[in-house]
Amino acid sequence: MEKSFEPAQIESTWYARWEASGAFKPSGHGDPYCILLPPPNVTGTLHMGHAFQQTVMDMLVRYQRMRGMNTLWQVGTDHAGIATQKIVENQLAVEAKTRHDLGRDAFIERVWKWKEESGSTITNQMRRIGAAADWSRERFTMDEGLSDAVRKVFIDWYRAGLIYRGNRLVNWDPALGTAVSDLEVNNVERDGHMWLIRYTVTGSDDSLVVATTRPETMLGDVAVAVHPEDERYAHLIGKMLTLPLVGRQIPVIADDYVDKDFGTGCVKITPAHDFNDYAIGQRHKLAPITIFTLDAKVNDNAPEKYRGMDRYEARKLIVAELDASDLLVETKAHKLQVPVSQRSDAVIEPMLTDQWFVDLTNEVQADGRPGGRKAITEPALEAVRSGEIKFVPENWANTYTQWLDNIQDWCISRQLWWGHRIPAWYDEAGNIFVGEDEADARASASSEPVGALRQDEDVLDTWFSSALWPFSTLGWPANGPVKNEHGDVVANWENDKLFLPSAVLVTGFDIIFFWVARMVMATKYFTGQIPFREVYINAIVRDAEGQKMSKSKGNTLDPLDLIDGIALEPLVEKSTKSLLIPQVRAKVEKRIRKDYPDGIPAIGTDALRFTFAALASYSRTINFDIKRAEGYKAFCNKLWNAARFVLMNLPEGEIAAPVGAPVTEAERWILTRLKQTLAEVEQHFVSYRFDHLAQALYEFVWNEYCDWFLELSKPALNGDDAVAAASTRHTLLVVLESVLRALHPVIPFITEEIWASVGPKLALTEASLIHRPWPNAAEMIEDNAATAEIEWFKNVLSGIRKIRSEMNISPAKVIPLLFADGDTNDHARVSKFAAQISFLARTEAPQWIEAGTDEPASAAAVVGSLRVMIPLAGLIDLDAEKARLTKEITRIEIEIKKCEGKLSNANFVANAPAEVVTQERQRIADWNTTLGALREQAQKLQQ
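In this text, residue positions in the sequence shown follow numbering that gives the first Met the number 0: the first is 0, and each later residue adds one.
Please keep in mind that the hints were generated in silico from the structure rather than gathered at the bench.
There could be a bad hint or two in this list.
To be verified - As a list, the in silico PhoX-like pairs of lysine-lysine whose alpha-carbon atoms are at most 20 Å apart: (1) Lys151 with Lys114; (2) Lys626 with Lys547; (3) Lys637 with Lys626; (4) Lys586 with Lys573; (5) Lys637 with Lys713; (6) Lys552 with Lys573; (7) Lys315 with Lys334; (8) Lys238 with Lys304; (9) Lys593 with Lys573; (10) Lys713 with Lys831; (11) Lys482 with Lys24; (12) Lys576 with Lys552; (13) Lys496 with Lys482; (14) Lys760 with Lys793; (15) Lys589 with Lys573; (16) Lys550 with Lys593; (17) Lys573 with Lys713; (18) Lys881 with Lys897; (19) Lys496 with Lys550; (20) Lys296 with Lys284; (21) Lys2 with Lys637; (22) Lys576 with Lys550; (23) Lys626 with Lys593; (24) Lys304 with Lys315; (25) Lys886 with Lys801; (26) Lys576 with Lys589; (27) Lys886 with Lys897; (28) Lys24 with Lys626; (29) Lys151 with Lys482.
Just so we're clear, the structure is a prediction, and the values are computed from it rather than from any experiment.
Turn these sequences into a full structure, and let the hints steer you where they fit.
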């Protein structure tokens with residue numbers, strides 16, 4: 000092994016070796032264990048959320064593979080319809096072209112070319128963080144096989160009456176010219192206004208005042224609603240109003256939706272441009288009036304003077320004319336939530352358009368067959384309610400079921416060119432024909448088309464194909480092998496369906512509605528199985544202060560920068576290059592220079608992964624602090640140096656196992672602690688408490704193996720007992736090898752590199768650590784008696800070292816050591832460990848002070864009833880020791896009060912488990928014993 004740990008050198012070689020060896024492929028042996036990668040956008044690059052989530056998945060896959068499971072980590076990318084089309088359209092804009100200049104076929108060809116050149120960025124970055132995925136089975140949602148699945152699902156649902164085409168209100172992005180899902184809309188708080196407008200009662204001097212944040216939509220008003228129990232307006236219900244600036248007559252209606260105590264209690268109803276208004280319009284059979292074109296300009300349904308105006312230009316004119324007509328009662332500043340497209344930053348406009356929908360609300364169809372709710376939604380609800388699918392943490396199951404209980408029909412069409420084109424055709428009379436292709440659509444039709452057929456121009460929502468991910472990636476619906484463009488088999492449903500259901504889905508809470516629920520619905524409908532048994536909802540990564548990471552805040556971190564390190568100036572340039580507003584650029588640059596004056600140091604992949612594991616609790620968010628990551632880099636260094644110490648203390652060649660049990664109690668103690676730690680880690684894997692898992696491994700490696708066992712081994716290694724030395728060397732090596740295996744799922748690179756030197760010493764036959772099994776805790780010894788002895792020994796050594804530290808006694812100075820009080824066990828242990836104590840604590844041979852004998856002024860530590868004393872003459876300042884004892888006495892008095900407070904609480908005693916109450920009582924007894932000894936020591940010093 001090299002003298003120092005250099006992550007870059009290790010990481011650059013091992014991953015390629017693993018992948019080339021086929022280590023990531025299913026073994027074909029053992030029970031199936033599958034994880035589905037939430038397919039990242041083909042346009043994407045690795046961010047902190049990806050790195051965190053994929054580290055969690057990788058830990059699980061590596062752990063289960065080591066346990067002998069037939070593991071598959073199914074990976075792939077999503078075609079990301081809107082994002083990908085936008086990238087290529089932006090490229091065309093540089094050439095002063097649009098997609099319409101190329102035409103559909105040429106544009107699609109251009110997108111495929113871009114995908115081949117740039118679409119593998121994120122998958123290559125996944126390799127950098129050690130993702131042990133089966134890349135030979137990588138899928139892309141626009142692959143031929145997955146496209147076959149998409150067409151079949153659409154056709155089957157359509158022919159079952161579960162997909163329909165209708166004119167409905169949708170989120171419309173006027174910049175992109177397409178409907179978008181709720182997931183692609185951000186509600187952004189902005190400063191705006193509330194305008195109060197007077198609507199006069201036709202043929203009367205009476206009037207109503209409505210409040211609106213969007214006065215331009217009044218051009219499409221069809222009614223004004225009041226609450227049916229609002230006495231102020233009861234006499235006006237059913238009467239007509241004259242719509243200001245338009246002159247159209249609209250009714251006053253009564254609806255429970257109106258909050259009579261909010262604002263004026265009157266609500267203008269514009270069904271074509273507001274989702275709540277649309278629902279009211281449906282209840283009252285009000286015909287909606289669309290007043291915007293698809294690019295958000297006023298259309299011909301409005302008075303002529305407004306036609307062709309942008310919606311916000313029209314707003315200015317309308318407000319001015321209302322004011323001039325004395326119909327504008329008041330204008331107030333108002334904070335409002337504005338729906339903004341994630342993809343284009345355009346303000347979303349609710350629009351009535353012809354779209355395709357999946358029926359998820361009806362119980363039955365017109366012909367009596369089960370409707371979308373019973374056929375699609377109910378089985379997905381029952382899967383979670385029955386416990387067939389479990390959420391971790393379990394509270395997220397409520398989020399899932401509440402959404403499905405209140406689900407709306409799913410708009411699945413998008414007005415794009417890049418994506419799965421809808422397999423529907425129209426004849427000249429507007430009749431719809433659905434099929435695999437035009438010939439199949441004609442053959443499946445119940446009547447002959449009128450004239451020529453033209454295919455629907457729209458494509459399917461990206462989430463439609465993603466919903467099929469659990470089974471389409473396994474080869475469904477093909478009857479045989481599915482091959483990629485290179486002719487390699489990537490799936491075979493007959494063989495691979497054993498991986499359905501997968502074991503666990505690791506994903507974020509923000510897509511429970513849009514992806515998790517839809518996968519359950521589609522998989523249950525088409526395969527009869529659940530897609531996964533558990534859903535682990537990972538936290539969202541935030542910065543060290545708990546703020547959401549944002550480029551405009553300058554608090555984003557690139558995981559590859561953390562792995563490789565980056566100097567200050569390149570970091571500043573990288574963080575600010577995409578910020579167009581000078582003030583924002585300056586603010587971000589200032590923050591970067593303040594937070595990272597020396598840039599970001601390279602911590603390596605393993606330290607980053609350990610940090611993610613240590614942060615992976617059940618919380619909704621985790622705060623990532625680079626200082627903590629640097630701490631886990633120190634852990635990797637500690638492990639490296641410990642391995643070098645062990646290897647340097649071994650003879651040449653293989654280390655044979657000694658005959659019989661380990662000789663020393665220190666060996667039996669560390670093996671017992673290893674067994675207990677492995678059992679603890681295994682339980683944390685089951686419960687997805689990666690933070691507890693990381694802590695257990697950290698404490699065992701750093702505190703017990705490195706800090707204690709390596710020290711406790713030195714007396715045997717340097718002593719005259721050859722049998723004890725040989726046994727200790729073997730135990731050092733065996734425990735190290737087991738530790739490397741236990742750590743491998745978390746920190747795979749450094750463990751693999753160290754194991755390359757350790758494995759051959761034990762004559763292990765595997766070529767590398769990745770092929771080793773998980774250490775079997777059941778086969779390891781457990782010696783509680785030896786553990787008790789060594790824990791006593793550790794406490795004595797810790798007491799001596801604490802006195803040395805607090806009294807500033809040089810660690811190299813050999814000092815006298817006295818023992819007093821204690822019981823028969825203490826006397827026996829002092830006798831047994833006398834040589835080791837002297838060797839490790841750098842003391843003279845320990846001496847006992849008999850009861851009644853005068854004691855020299857000493858600094859003392861207390862272990863149970865035993866006093867461990869260092870005579871102070873010529874060593875330390877008596878006043879300093881008195882101060883130390885006073886401080887320690889105060890600390891213990893506080894601990895006793897805490898325990899007494901708990902036990903004096905009747906609720907605690909009544910409700911806490913009996914063993915917890917007993918433990919608190921024992922703690923008080925122990926603290927009082929220690930306190931008595933310390934007070935006695937302080938009194939003697941005072942005398």
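These are the hints, each one checked on the structure:
Between Lys151 and Lys114 the alpha-carbon distance is near 25 Å, which puts this suggested pair outside the 20 Å criterion. A hinted pair counts as satisfied when its Cα atoms are at most 20 Å apart, and Lys626 with Lys547 qualifies at roughly 18 Å. Proximity of Lys637 to Lys626 is assessed by CA-CA distance (about 17 Å); at most 20 Å being required, the pair is judged to hold. Restraint check for Lys586 and Lys573: the C-alpha separation of about 14 Å stays at or below 20 Å, so the hint holds.
The hinted pair formed by Lys637 and Lys713 meets the criterion: a straight-line CA distance of about 18 Å does not exceed 20 Å. With a C-alpha separation of about 14 Å, the suggested pairing of Lys552 with Lys573 holds against the 20 Å cut-off. At most 20 Å may separate the alpha-carbon atoms for a hinted pair to count; Lys315 and Lys334 meet this at roughly 19 Å. Restraint check: the Cα-Cα separation between Lys238 and Lys304 comes to about 28 Å, which exceeds 20 Å; the hinted pair is violated.
Of the supplied pair hints, the one linking Lys593 and Lys573 holds, its CA atoms being roughly 16 Å apart against a limit of 20 Å. At roughly 16 Å between alpha-carbon atoms, Lys713 and Lys831 fall within 20 Å of each other, so this suggested pair holds. For the given pair, Lys482 sits about 16 Å from Lys24 by alpha-carbon distance, which is consistent with the 20 Å threshold. Of the pairs offered as hints, the one joining Lys576 and Lys552 holds, with about 13 Å between alpha carbons and a cut-off of 20 Å not exceeded.
With a CA separation close to 16 Å, the supplied pair Lys496 and Lys482 stays within the 20 Å bound. Straight-line distance between C-alpha atoms of Lys760 and Lys793 comes to about 30 Å, which puts the hinted pair past the 20 Å bound. Simply put, Lys589 and Lys573 have alpha-carbon atoms about 14 Å apart, close enough for the 20 Å limit, and the pair holds. With a CA separation close to 16 Å, the supplied pair Lys550 and Lys593 stays within the 20 Å bound.
Of the pairs offered as hints, the one joining Lys573 and Lys713 is violated, with about 50 Å between alpha carbons and a cut-off of 20 Å exceeded. Under the criterion of a C-alpha separation no larger than 20 Å, the hint pairing Lys881 with Lys897 is inconsistent with the structure, at around 25 Å. Distance check on the hinted pair: Lys496 and Lys550 sit about 42 Å apart at the alpha-carbon level, beyond 20 Å; violated. Our distance criterion of 20 Å between C-alpha atoms is broken by Lys296 and Lys284, whose separation comes to about 26 Å.
Simply put, Lys2 and Lys637 have alpha-carbon atoms about 12 Å apart, close enough for the 20 Å limit, and the pair holds. The straight-line distance between the Cα atoms of Lys576 and Lys550 is roughly 10 Å, inside the 20 Å bound, and the hint therefore holds. Between Lys626 and Lys593 the alpha-carbon distance is near 15 Å, which keeps this suggested pair within the 20 Å criterion. Note on Lys304 and Lys315: the hinted pairing holds, with a Cα-Cα distance of about 13 Å set against a maximum of 20 Å.
For the suggested pair Lys886 and Lys801, the alpha carbons sit about 14 Å apart, so the restraint of at most 20 Å is met. Between Lys576 and Lys589 the CA atoms are separated by roughly 14 Å; this keeps the pair inside 20 Å, and the hint holds. With a C-alpha separation of about 17 Å, the suggested pair Lys886 and Lys897 falls inside the 20 Å cut-off, and the hint holds. A distance of roughly 36 Å separates the Cα atoms of Lys24 and Lys626; the hinted pair therefore is violated under the 20 Å criterion.
At most 20 Å may separate the alpha-carbon atoms for a hinted pair to count; Lys151 and Lys482 meet this at roughly 18 Å.
Taken one by one, the earlier hints fail for this structure at numbers 1, 8, 14, 17, 18, 19, 20, 28, listed in ascending order.
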